[in-house]
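Each chain, letter by letter, is given below.
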Amino acid sequence: MSIVSTSTGAFFERARSDMKNLRTQAEGLQAQLSSGTKLDRSSDNPVAASRLRALDRLTSLSSIDAANAGRANSDLTLADAAMSDMTDALVRAQELASQAATGTTTDEQRSSIATELDQIHGSLLSLANARDSDGHALFGGESAGDAYQLDASGNAVYVGTPAAGELPLGEGQSVTRSMTGPEFLGFTDGSGNTTDLLATIKGLADALKGGATDPASAARDALGTLQTGLDTLTTGQTVVGTRLAWIELTTDRRSNLADLRSTEQADLGATDVTSTIARLQETLLVLEASQSSFGKLSDLSLFSMLH
Amino acid sequence: MIIGGPSGGALVSGGAAGTMAMTTAAGGTVAFTLDGNAVTIGGGAIAGKSLALTELAQDRIKLDAVASSLITTVNNAQAAGVDLAGNSGQPLFAGTGAADMAMVASGGGALATAPASAGAQSRNPANLVALRSALGTTDPAGGMDALLFGVSSAVAGRSITRDALASISSSAQVALQAQAGVDLDQEAVNLVRYQQAYQASARIMQVASDIFDSVLAIR
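If you read the sequences in order, they're chains P and X.
Convert by adding 5 to the 1-based position in the first sequence; the result is the number in this note's numbering.
Convert by adding 469 to the 1-based position in the second sequence; the result is the number in this note's numbering.
Because the hints were derived from the structure by calculation, they are not lab data.
Where hints are given, some of them may not hold.
[Unchecked claim] Okay, the calculated bits of chain X under chain P, using three or more residues with CB under 8 Å as the criterion:
hint	segment
1	479-488
2	651-665
[Unchecked claim] Calculated from the model, a selection of chain X residues having no Cβ within reach of chain P, i.e. all distances over 10 Å:
hint	residue
3	Gly473
4	Gly497
5	Lys518
6	Asp528
7	Leu617
8	Ser622
9	Val624
10	Ala669
[Unchecked claim] Covered by chain X, per the in silico footprint, the following chain P stretches (three or more residues, Cβ under 8 Å):
hint	segment
11	18-29
12	37-51
13	57-71
14	198-208
For each residue, glycine too, the CB sits at the ideal point set by N, CA and C.
My request is simple: use the sequences and hints to build the entire structure.
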């Protein structure tokens, strides 16, 4: 019987290099499990790492869009609430106008109605100057101060910018964060003049205080104008509602895209725990067998049998 | 002993030794000379380190280009707008490259968010939109990604080469051991065989000596 003609040194060298390889593999798998990522460094998989960087960037851009959507949402909700309050005040103004239009109403009663209309004018003015989530004028476009100011004769004048600011929602979509005052307070009355709700109410109050020769007729005219104003306000509120729905739609789309991104990130960079544990177990088993067989074989020396 | 390939000069020839020198260029790259003549070193640790320095110098140039494009884009956009106080936008960054790039803005209010026509306290973000679109065109993030991609693919490629060389070296070592090393079992068997042969031989001599003694003892 011939003895395997390999040198003892070669046997040790081979065993050392095999066990070193197994050990490296096992440590790599263990590192993947403990870090939760397949890629330790960019050089482990340059293409996947570059894609992961792009995805990370998209995620942080998307969080800016989400913050914008949140701000636009709160501004538009504030605008919606302010418009609802304005509608309530206008309905009350309509009631007062119809009372004043009745022929049986005395001048004293008209005068007290005018006082209440002045109050309504004041509250409409303060609603029109409502603040947004940043503390700026909600209906003043991009102006930093008030939207409406009273001039010397007590008329409310719009002092904001012509258009409300837009907030980008990502993917090239954007939403107007509010409305400017003239967009929902200004309208054209029955005789074709451009006017606004504040001016209508102030005009009616002035007429009832004795500014007009026939206050009842002035109140009847104002009733029609107030109805047109209310319609304009309601249309404005519908526009705000549509913008809120649009934000909701883009938010849904953004969260769908975020889901897709995180799925891709998990596919590219996250450890597949089940298969990694299985491979680690297999590697450990082979390593253990390799070590124990090496121990047995290296113990087996003919010299220890000879005495 | 020749270095720098077959056409290189002799470092040691007989009893005479050449003088080897290293010069460092401005970018941090190194070059070698032997007795005044330029010499290219083909392998070994010195060649590896020299290669790494060359790569680093190239990457530094690329990083500077990315930083410089970012500085120019942001500062140009700043100059086109007005800041919170309504003044013309001042540069946000100082410096010309990655090493000396520094933020010099006095505060958040120094960001020129509004276009030049807008006044103080403007909420018009048009200049910020222009900055975003300019950054989208010059794409410093993309440049940075390309730089990292280049470095990591170079490292990945070199790692594969290193692993292949390690595997070749390991096989060569095993082959050398197999050829030049000894098998202890074989040696033990041989040892026992020669020991027994020696013992047998010695026994034969003893027997022969006994026989002669016996023969000589006949009288």
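Tell me if chain P covers the segment 479-488 of chain X under the three-residue, 8 Å CB rule, please? violated (count 0)
Is it the case that Asp528(X) keeps its Cβ farther than 10 Å from each residue Cβ in chain P? For Asp528(X), whose nearest Cβ neighbour in chain P is about 13 Å away, the distance exceeds 10 Å, so it holds.
Please verify the coverage claim for the segment 57-71 of chain P: does it have three or more residues whose C-beta sits within 8 Å of some C-beta in chain X? With 3 residues closer than 8 Å to chain X, the segment 57-71 of chain P meets the three-residue bar; holds.
Would Ala669(X) pass as off the interface with chain P, using Cβ distances and a cut of 10 Å? Holds, since 17 Å exceeds 10 Å.
So Lys518(X) supposedly isn't at the interface. Is its beta-carbon more than 10 Å from every beta-carbon in chain P? holds (19 Å)
Cβ contact check, 8 Å cutoff: the segment 198-208 of chain P against chain X, three residues minimum: violated (count 0)
Examine the segment 651-665 of chain X for residues whose CB is less than 8 Å from any CB of chain P, and state whether their number is three or more. n = 8 at 8 Å, threshold three: holds.
10 Å Cβ clearance of Gly473(X) from chain P: holds (30 Å)
Verify this label for me: Leu617(X) is non-interface relative to chain P, using a Cβ-Cβ cutoff of 10 Å. Since the minimum Cβ distance to chain P is about 6 Å, Leu617(X) lies within 10 Å and the statement is violated.
Nearest-CB test (10 Å) between chain P and Gly497(X): The assertion about Gly497(X) holds, with a minimum of 22 Å to chain P.
Just checking, Ser622(X) versus chain P, shortest CB gap more than 10 Å? violated (4 Å)
Counting residues of the segment 37-51 of chain P with a beta carbon closer than 8 Å to any beta carbon of chain X, are there 3 or more? holds (count 6)
Going down the numbered hints, you'll see the structure goes against 1, 7, 8, 9 and 14, while the others check out.
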